Amino acid sequence: MKATVHVMLKNGVLDPQGEAVRHALGALGFDGVNGVRQGKVIELDLADGTTEADVNAMCEKLLANTVIESYRVEMP
Amino acid sequence: MKAAVVVFPGSNCDRDLAVAFRAAGADVQMVWHKDTDLPNDVDIVGVPGGFSFGDYLRCGAIAANSPICKAVKAHADRGGYVFGVCNGFQVLAETGMLPGALLRNAGLKYICKTVGLRIETSQSAYTEGYNAGDVIDIPIAHHDGNYFSDEATLDALEGEDRVAFRYTDNPNGSQRDIAGILSGNRRVLGMMPHPERAADVGHGGTDGQALFRAVVGQLTSA
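Protein chains in written order, with my numbering: chain A, 10 to 85; chain B, 77 to 298.
Next comes chain B alone, as it looks inside the complex (with noise of 0.2 Å):
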């Protein structure tokens, strides 16, 4: 099973993912924005946590208009799955690819610390592997984590069981509590919390790891 995990100038979370998703199984491989194209027969495409472009204009939006994310969006919309952690999130926001925006926090403070993730779906190959309901501990850090997006949009996403996961105490003014979605083919997954960042035991806790074991596992198997 291939993984490729994507590099933007100022990501620092994209070797911390390609640990997880190698740990996991995946044969990882890393490519740069300016890449016009995956590694072929790519099965899941990361795009990892950091300050892609220095956060410049707007959290996300230089990196979502880079040359891989065109060849990210081609792959997603073949019906190829894609996981999006912190920026990773906010440039799959960017990209249209999941709904919505991550605003301010609104407490206007940088957050780094670890927070109860309620799992609310297990339908999807990320979170397939807990329970709906389990909570998970798994650390956020960021400054623009407020999910926003208007209220037709979080019915929809409710309606179609597309939250993946809500904080259990909202650290940042996400509207319902949202820290990740899906997409409508439950195949692209965007969320703040870094599970990569709890997947060892050298890491404090491994709350993290059944995410990328259930889906390096079900990209494997299919």
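Bound conformation, chain A alone (with noise of 0.2 Å):
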């Protein structure tokens, strides 16, 4: 069974990297990029009968930092 986590800083909270991606995309010609969050998605191989429960407290105790990300997960 797979699991996807999809981590991101919270609003509100500065993503450089995302800035340094916006930037460079205006610089290659691509107009109207009004702003880039940059992520990551962790995909979880799960033994079966694992819960959405489980998942999210993996995500509390280690996958995100709460204090600065704000964290989606998907099961099937």
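Each hint should be verified, as a subset may be incorrect.
[As the list claims (entries may be wrong)] List time: in silico DSS-like cross-link candidates among lysine-lysine, alpha-carbon distance up to 27 Å:
(1) K110(B) - K146(B)
(2) K11(A) - K49(A)
(3) K49(A) - K19(A)
(4) K146(B) - K70(A)
(5) K70(A) - K49(A)
(6) K146(B) - K78(B)
(7) K70(A) - K149(B)
(8) K110(B) - K78(B)
(9) K19(A) - K185(B)
(10) K70(A) - K110(B)
(11) K78(B) - K149(B)
(12) K70(A) - K11(A)
(13) K110(B) - K149(B)
(14) K19(A) - K70(A)
(15) K49(A) - K185(B)
Don't read these hints as lab results, they were simulated from the structure.
Bear in mind the structure is a predicted one, so any value in this text is a computation, not a measurement.
From these two lone chains plus the hints, build me the complex, please.
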């Protein structure tokens, strides 16, 4: 069973990497990119029976730092 | 007075930290990340700089969940002293022993240079050897030293006189120029700059020496 965790910096937390990507896109001639936020995607291969609550606990304890990051879990 | 310095895979300032503690008069033991206990009667635990676990996932995140960190947290919960430098500060923030988090530097670059630090409080075992308002020169060497916390936490840190150091010329985007903070009981200090790299004349500066002398002296007389 697969689960996918999306981790993003929270709104209001400056994302200098996203800003650098936005500038680079502008330099390449892609106009109209108003903002870029960069995060990460973590794919988990889980034993059957693992619950979404288990994955949320993994996020809270390790996968995301909830001081600065939000997360979203996708499970089949 | 006994100090322990934690070693993670990827730590690279562990021996520097041990040398600085020893020079100030401490009896220092190194402890490995897989150890589950600190040596008996340890007064202070140093969490060194470096790139623990390759900075995988987030700086300090894997180290914060290592067996030794449970023991370090228990030590802090008992009122023990813990001193985190650079990656060590990141680890302490990840464990929740100190509030906030360290983000990527605002300028995106790794910065290695000596910076001015203003002593914001002399009311701690670490900073009592300085006067509030003093400016000292201490090296920084980090890619993720941009201190972030929500406004309420920042206000609380300032209200409780828990900002230990501020940059005189903010190099990394840290909120309110914060370079180092204390825990509520003032016994846990986390800072991005490296006082152990300015603790011997051979380093080219000795402004960090007073920190080690103060905390070792305080714990020796205690």
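Hint numbers contradicted by this structure: Violated: none.
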